[in-house]
Amino acid sequence: MLNYDLYPWQHNDWAQLMRDPARLPHALLLTGEPGIGKRRFAERLAAWYLCEDPAKTDAPCGVCEGCRWLAQGNHPDYRVLAPGDEPEEDAEDSKAKKKSAIIGVDDVRDLADFVNLSAHRQGARVTVVYPAEAMNVASANAFLKTLEEPPAGAQFILVAHAARRLLPTIRSRCRVLPLATPDLASASAWLAQHGVVQPELHLAHTGGAPLAALDDASAEWLPLRNSVLEQISMPGSLNPLALAAEIEKSKVEPARVIDWLQKWTHDLVGLGLTGRIRYYPDRKEMLAKLANRAPRMLKYVERLQQAQRLAQHPLNVRLVFEALLFDYLAALRGKLTG
Amino acid sequence: MAYQVLARKWRPRTFAQLVGQEHVIKALANAFANGRLHHAWLLTGTRGVGKTTIARIMAKSLNCETGVTAEPCGVCAACTQIDAGRFVDLLEIDAASNTGIDNIREVLDNAQYAPTAGRFKVYIIDEVHMLSKSAFNAMLKTLEEPPGHVKFILATTDPQKVPITVLSRCLQFSLRQMTPQQVSGHLNHVLEAEQIPFEPSALALLGHAANGSMRDALSLLDQAIAYGGGDVREEGVRAMLGAVDQSYLFDVLRALVANDGVAMMAAADSIAARGLSYESALHELAHLLHQISMAQVVPAALADDLPQRADILAIAEAISAEETQLYYQIAIHGRRDLALAPDEYAGFSMTLMRMLAFAPVGGAQLAAMPASGGSAASRPAPAAIAAPAPVPIAVETPVAAPTPTAAPVPAPVAAPVAAPAPAPAPAPAIEPEDPNDLPPWESLSTEPPAHVTIARSTPSEPVANNHVEVTVNVTGAEIPAVTVQIEPAAAMAPRLEDFSGDWRALLDSMKIGAALMLAHQAELTSWNNGVFVLRVNNANKSIATRDFQDKLREALSRHFGQDIEVSAQLIEEEIHHTPAAIMQRERAVRQAQAEDAIQNDPFVQSLVQDFGAIVVPGTIQPV
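Protein sequence lines, in the order shown, are assigned to chains A and B.
In terms of the UniProt record's numbering, the first sequence opens at residue 1 and continues consecutively.
In terms of the UniProt record's numbering, the second sequence opens at residue 1 and continues consecutively.
Just chain A, same shape as in the assembly (with noise of 0.2 Å):
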């Protein structure tokens, strides 16, 4: 059951897009920090597309077919192209096969039988693809010509958190529609409307993202980031080993774990530099304490940003771990080495 209500600090996006409804491009790009609502934002104007009622104005009516048909997620003119579709969920039979993180060649081939056949409703066919950088390079070159010029009706929504990932020749073949982090006052409003507690932490940690921050409150790897957390900030008794291990067998992927290090790491530099705290205002204590480190870390930043850029590879998770907190002591000691 899909959602279409947009978000509060949507409104203006939307009221501008539809000022003009026909001169909507056959390829949109929607951008913007993750967690502030892109894919709902994606989803309802795809059924503001699908949507068979001949009065509708700028928004979905909800009743007609074609929005039952969404609705109940079948849509047969509606596709999405994600990471990880892949039928085989059933994973029980081997080694519980990890979901794949990048949308693979053969899913965008196939949907030039879908873009190229008519329709089997009224004529617009929506692919929502997401996240856009998801695609690999083969997967992207493959789409391009797709994207170029489709056939009368269809449509692509493409959403990305880093449009700077993407393929030039990609983000030139869209029109690129920037969505807005809320300010702070409306997001923790709205936080607070769901029941977060501390609303104006949790913004901090996601760096003002809402959704992301709603997640923030309430995810399941709270307690590793606690005690990944607790740990960094006493270097003294840190051991990456245990550490490593303890991240390895919680499963939360790599990508997530080296965020929260980046973080701090960047908040330990602002602090020592700048005297600004970001993302962990509720740490500031133990920040202060390693602040006077502050440009030292600066070689521990460039490091995870490799480490970043490696994050969805198939690594041992372990070792990566292990070798980044060996350097995080090595850096704080001032004796990390290019």
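By construction, these hints were calculated from the structure, which means they are not laboratory data.
Treat the hints loosely; a few may be bogus.
What the hints assert, rightly or not - With a straight-line Cα cutoff of 35 Å, these simulated DSBU-like cross-link-like pairs (lysine-lysine) come out:
(1) A/Lys145 <-> B/Lys26
(2) A/Lys249 <-> A/Lys289
(3) A/Lys289 <-> A/Lys251
(4) A/Lys145 <-> B/Lys161
(5) B/Lys541 <-> B/Lys511
(6) A/Lys284 <-> A/Lys249
(7) B/Lys9 <-> A/Lys145
(8) B/Lys511 <-> A/Lys335
(9) A/Lys56 <-> A/Lys145
(10) A/Lys56 <-> B/Lys541
(11) B/Lys133 <-> B/Lys161
(12) B/Lys9 <-> B/Lys161
(13) B/Lys26 <-> B/Lys141
(14) B/Lys551 <-> B/Lys511
(15) B/Lys541 <-> A/Lys145
(16) A/Lys145 <-> B/Lys141
(17) A/Lys284 <-> A/Lys335
(18) A/Lys335 <-> A/Lys251
(19) B/Lys26 <-> B/Lys9
(20) B/Lys141 <-> B/Lys161
(21) B/Lys26 <-> B/Lys161
Using the hints provided, position chain B relative to the given structure of chain A.
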């Protein structure tokens, strides 16, 4: 009919409608007019410069019913069908979806049959760089000698990925990026035809933002029309692009110069508060630093009518050339790494903080920079010393030496010339004025390059002045006066007369190689007239062979730049003044001190007394 985006609607249908790419069009038009038709073309260039468009127009030119022409009529059946994308003899293949060898074989199997409707069977293979290796190889034979009725047009953004065997079979045209003027001119044309009101200054902004790609420009224009509600205004476009007003960046730089982190982050926040894009902020910052660097190196090149000229000059005064280079590097790297930061704000602020952390960097500290952060800035320095290419100017100029002492200067002519190029190389940092204060990399290159030896050994009289400045005025040229600094002797080749007899210091300062062992075990007794007399203990005679003596002699000759004789005497008695013996004594003293320090340390003592600890002998090492 659904709305078509401008980039599709305005895809040119004839060569005349194309913007730019005259060099390609002219070549093609002449080929079509003279009937000199190649059978395979390769079109390359970045996104949105017209590769696919030109390929389609070529297909029309080849198949137009009016004959092979550079100006397809656009009304005949062939032209209209090609425009509509349903001409049977035009096969447009998406190589990125049909990458495999089987796909290509299937296509090529049909090449032998004559065209159905047109004159030629035209294969447009787009995104050709994605073909697999075997698919490329499967194409080779057909591509080399296709049947007379087959034409291939390949298009790609990435010709590096195309095998050389394919490249050599094609006529390659590389399409240029459009200039901002061309882009905004075309946008002007489009908007007039679409009857959309606009401001010319907005188009100039879009032209720059498109980065040389017409499709980017038209996509942006679409976005701008939607943003402005059917109206293209400069203000709206500026807001849409997140273009950064340079005054914010000057705030950032001024805070950086003042080393004021709080003020710098405040400036960064004001960028954030205005909803400007961090990427374009970093881009603009790099651009600004480039201008500052230009103001430092070639002040004349800075345009007089630059709006922020005074600000740029002020900052150019306040920071050194190396710092500018360093900041520039950091800004460039920061932009690249923006996608890897937790979010864009973090990436941006981290880049600024990195600049701040490295702000008070002196020449010697450059070596301690992290590998990718600032090494590119410091790298020119060692290179300039280790490989000083003799600059032709210095050789051919009749040296009108400015100082009388340097009158007999045949030597410096071939000597290593560290010529500060007009490029913004951080030259000042590399002048080794004081040999004791050399940066770490200096020790690697104290030995002068080989060709110095030749020059040095010939003159009977050593050059007295070891820092010669020759100013060469290139007459009649706009090139500013080139200052050539010749410093072969500065700290590089010490003279024999100055040698004080400190054998060990001498060894430390030169590069000896295989004879080092001999040198360390020898004691210098005299060094008159270029003859070094050494004493070596008989126990070490295996390292005092003729071979090693020759090597030592060569090393010394090279070091002093004149012929040196070495004579080694083997003696029975102990020698106490060899460098090796001295070093061993020093080590022993240090070891004793270290052990002493440990034994007398109150903490260690209390450990020994209270816990029965023992200091394991032989584990104490002096630091």
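message: When the structure is checked against the list of hints, which entries are broken? Sort them ascending.
response: Those not satisfied are hints 10, 15.
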